[in-house]
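Engineer: Guided by the hints, dock chain B onto chain A, whose structure is given.
Protein chains: 2
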Amino acid sequence: MRHACILAGGSGTRLWPASRRRRPKQFLTLGTGESLLAAAVRRARGAAAGQVAVVTAADQAAMVAAETPGVAILAEPVGRNTAAALGLAAVHLAHRDPDAVLGALPADAHVADEAAWARTVERAFAAAERHDVICTIGIVPSRPDTGFGYLEVGESLEAALGIPELRRVVRFVEKPDAATAAAYVAGGRHLWNGGMFFVRARRLLDDIRRFLPETAAGLDAIAAALVRGPDEAAAAAARVYPTLPGISIDHGVMEKASGVVTLPGDFGWDDIGSWAALVDVRGRDATGNTVLGAAVVVDGRGNVVAADDGHLVAVIGCSDLIVAQAGDAVLVIPRARAQDVRQVVDALAARGLDRFL
Amino acid sequence: MRHACILAGGSGTRLWPASRRRRPKQFLTLGTGESLLAAAVRRARGAAAGQVAVVTAADQAAMVAAETPGVAILAEPVGRNTAAALGLAAVHLAHRDPDAVLGALPADAHVADEAAWARTVERAFAAAERHDVICTIGIVPSRPDTGFGYLEVGESLEAALGIPELRRVVRFVEKPDAATAAAYVAGGRHLWNGGMFFVRARRLLDDIRRFLPETAAGLDAIAAALVRGPDEAAAAAARVYPTLPGISIDHGVMEKASGVVTLPGDFGWDDIGSWAALVDVRGRDATGNTVLGAAVVVDGRGNVVAADDGHLVAVIGCSDLIVAQAGDAVLVIPRARAQDVRQVVDALAARGLDRFL
Numbered sequence: 001m002r003h004a005c006i007l008a009g010g011s012g013t014r015l016w017p018a019s020r021r022r023r024p025k026q027f028l029t030l031g032t033g034e035s036l037l038a039a040a041v042r043r044a045r046g047a048a049a050g051q052v053a054v055v056t057a058a059d060q061a062a063m064v065a066a067e068t069p070g071v072a073i074l075a076e077p078v079g080r081n082t083a084a085a086l087g088l089a090a091v092h093l094a095h096r097d098p099d100a101v102l103g104a105l106p107a108d109a110h111v112a113d114e115a116a117w118a119r120t121v122e123r124a125f126a127a128a129e130r131h132d133v134i135c136t137i138g139i140v141p142s143r144p145d146t147g148f149g150y151l152e153v154g155e156s157l158e159a160a161l162g163i164p165e166l167r168r169v170v171r172f173v174e175k176p177d178a179a180t181a182a183a184y185v186a187g188g189r190h191l192w193n194g195g196m197f198f199v200r201a202r203r204l205l206d207d208i209r210r211f212l213p214e215t216a217a218g219l220d221a222i223a224a225a226l227v228r229g230p231d232e233a234a235a236a237a238a239r240v241y242p243t244l245p246g247i248s249i250d251h252g253v254m255e256k257a258s259g260v261v262t263l264p265g266d267f268g269w270d271d272i273g274s275w276a277a278l279v280d281v282r283g284r285d286a287t288g289n290t291v292l293g294a295a296v297v298v299d300g301r302g303n304v305v306a307a308d309d310g311h312l313v314a315v316i317g318c319s320d321l322i323v324a325q326a327g328d329a330v331l332v333i334p335r336a337r338a339q340d341v342r343q344v345v346d347a348l349a350a351r352g353l354d355r356f357l
Numbered sequence: 001m002r003h004a005c006i007l008a009g010g011s012g013t014r015l016w017p018a019s020r021r022r023r024p025k026q027f028l029t030l031g032t033g034e035s036l037l038a039a040a041v042r043r044a045r046g047a048a049a050g051q052v053a054v055v056t057a058a059d060q061a062a063m064v065a066a067e068t069p070g071v072a073i074l075a076e077p078v079g080r081n082t083a084a085a086l087g088l089a090a091v092h093l094a095h096r097d098p099d100a101v102l103g104a105l106p107a108d109a110h111v112a113d114e115a116a117w118a119r120t121v122e123r124a125f126a127a128a129e130r131h132d133v134i135c136t137i138g139i140v141p142s143r144p145d146t147g148f149g150y151l152e153v154g155e156s157l158e159a160a161l162g163i164p165e166l167r168r169v170v171r172f173v174e175k176p177d178a179a180t181a182a183a184y185v186a187g188g189r190h191l192w193n194g195g196m197f198f199v200r201a202r203r204l205l206d207d208i209r210r211f212l213p214e215t216a217a218g219l220d221a222i223a224a225a226l227v228r229g230p231d232e233a234a235a236a237a238a239r240v241y242p243t244l245p246g247i248s249i250d251h252g253v254m255e256k257a258s259g260v261v262t263l264p265g266d267f268g269w270d271d272i273g274s275w276a277a278l279v280d281v282r283g284r285d286a287t288g289n290t291v292l293g294a295a296v297v298v299d300g301r302g303n304v305v306a307a308d309d310g311h312l313v314a315v316i317g318c319s320d321l322i323v324a325q326a327g328d329a330v331l332v333i334p335r336a337r338a339q340d341v342r343q344v345v346d347a348l349a350a351r352g353l354d355r356f357l
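From first to last, the protein sequence lines are chains A and B. Residue 1 is where the first sequence starts when you use my numbering, and the numbers rise one by one after that. Residue 1 is where the second sequence starts when you use my numbering, and the numbers rise one by one after that.
If we strip away everything but chain A, and leave its shape as in the complex, we get (with noise of 0.2 angstroms):
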C-alpha cells in the first residue's frame, strides 16, 4: 500500500521573522489561507489514499496534531537529519504493511500545479511498486539555483520499465556554485534534488542496513520494541535516537545505492527557501510588488512585502527590498541579499536578544 511520508523537522531561520524556533517555516501561511504542512497533507492524502504519517521533533508533535487534525505522527526524539527520519519511518510503515511504498515528501514547499504534481506523484508510486527501485522526482530547473543540489539523468527507461518519462539518475551533486548551476540549466540533463522520492519501505531499510551499519542497528532496536506495542518503540526511540549518527538520507543511502531513478517534476515547484522565494510564488500585483497581508507602497517596485492580519506595512520611495512583519520583529532587508537573514539571526543571538527567535 501507498504511504505518504511528510518530513516536518525543518527550522526556518531564512524566513525570519515569520519563522520561529517555536514557529517552522513549514506552519506557515505566507499570505494564504492554509499552511505549507496543512497544504503538503492535503496533497499528499490525494496521492496516497489518505495513509499520510507526518515525521517531526517530539517538541512539534502538538503543533503538527493542530495544524492537521487525524493525520499520522511519528515523533522524533531530537533530530538526526533525514536518514535517521525516513529510516524511523520505513520501520513503522514496514511493520504495519510489509508492502509499503513509501513516499517521502516535505512538508514546507510549495506547488503552483496539484494536478501535474499528483500525475507525477502517480508515476513515482507505480514505479517504486513495479520495479527495484528508489523514484525519485527532479525538479526542472526554472532558474540556475545554487540553494539545490541536482541530479544528473542518464538514459530513458520510459520503454524498459513501462513508466512515461522515467530516467536512469547517472549522479547527485552538491549545491553547484553560479557558473555551474548556470550549465547545468543550459544542458538540460540536471534537475532539482527536491527531496521527494519513492521506495518500497523493506527496500529503503536494506540500503540503510548496507550503507549505515549504525543506523540500522538503532532502527533494528526500535523495530523490535514495536513488535511488544507502540510505547516500547517509543521508548527504544528515545534510548538509540541520540546516538544516531546525523546524515541526509541522500548523502548516506541515495548517493550510493543502485536503482536509483527519476521523473522530471515540472509543476512549480519552490521549497521557498527565502524571501525573496516568494516573488515566484505569489506573483507581483498591479504597483510590481509582492504583497503578504496588508501593505501600501507609495513609488516603489520589486519589494515583498509581508504583515500579520491586523497589521500595515508602508513603504514608500524604497525598491526591491524585503519588509517583512510577523508577530513583534520587523526584519528589512535587500532582497538581493535574502539569504543573509541568517547574519540578523546570528547577531540576536550574539546580542542576547533569543527571545525573538
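If you're looking for bench data, these hints aren't it; they were derived computationally from the structure. From a predicted model like this one, the values you see are computed outputs, not experimental measurements. Just so you know, even glycine gets a beta-carbon here, dropped at the ideal spot from N, CA and C. You can take every hint at face value.
Partial chain B-side listing against chain A, Cβ under 8 angstroms, derived: (1) V298; (2) V313; (3) L321; (4) V330; (5) L331; (6) L348; (7) L353.
Structural biologist: Showing chain B alone in chain A's frame:
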C-alpha cells in the same frame, strides 16, 4: 504673575506610525522615558513657578490630564489655530490675574540644554513684564531648514530695555526656499520662529481686538460667561468657537503688532518635524545609526530605527532608511524623504485604511 501656556493641539502625521490621530506627537516618548508633553510641562513648571496651563482639543483633554497630572487644562471644542487658542488662554489668565504674563510654548519640541532654555525664558518673561513688548524666542538656526518661518532681527535693545541679548524683530518671513534659507543662515540676521513668545495677557487681547476683531468678539463672549463661572465659559466656548476664524497667532497678530522683540535661543531646540530629525535629537550609536528601542542593524549606517518596547526591528544591508515600528504599523522610507510620510497617510486614507491613522 508668570503663566506658561502650552499649546498641545498638533496631529503630527509626520511621525506616523508612532503618532496617530488619537495619539499626536506630543504624547510620544521617542525612546526616552518621558513624553514630549510631559517634558514641556516639567520645564514650564520650573520657568513659571508652577503656573502652567495646557490648551488642547477637547477630545485630547483626558489624555493630557493622564499624561501631566495636576496641570490646568483649557479644552477647545474645535481647533481654530493658535490665535484662538492663545486668545482663550489669555481670557482665562486675565480673568484670574489682570497682570498675568503669558508665555506661549509648544508641547512637542525637544530641548537639549534645559539650563540654557531656562535662562532665556527667564529673560523673555522679564522683558514682557517690564516693557510693553511681545518677546519671542528665536532659535539660532543650526541648518538652512525650509520647514520653519524665520524672524529677521534688527538693532539691539539690550541697552535701551536692560535685557541682555534682546533685539528688535524687523519682520516675520514665511518658510523660505532652500537658497533663501541658506542665505538666512549665512547672513546671521535670521532666527527660526519656534512659536515661543511672552506677552501680558491684556496686551495680547488688545492686539487680537485690533487685528482680529471676529476672534475678539468671540473671546468677549467667553470672557463675559467666565464671570458667571467656568461651566458657563465652556458653554460659551462651545457656542462661539465654530464661528472663529482659523488663523495663526503669527499671521494674525505678531506680523502686524508693534513692539515685537526677540531673544536668540541656542539650547539645542528641535521641533522634531520628521523621523529624520531624530538623528540630531538622539545622535548616532557606535554603528552610525539612530536607534529608539530594540534594533539590530547589520552592515548599514545612517538609519533611523524605532521599535516599541518588547518589539524588535532588524535592518541588514540598508543605509539612510527610516524604519519605524509602532503598534500595528511599520513605516519604511528613505531618510531624505522623511517629509513624504504624508503621502503614506494620504494613501491609507484613499484605500480605506484609516484605522491605521
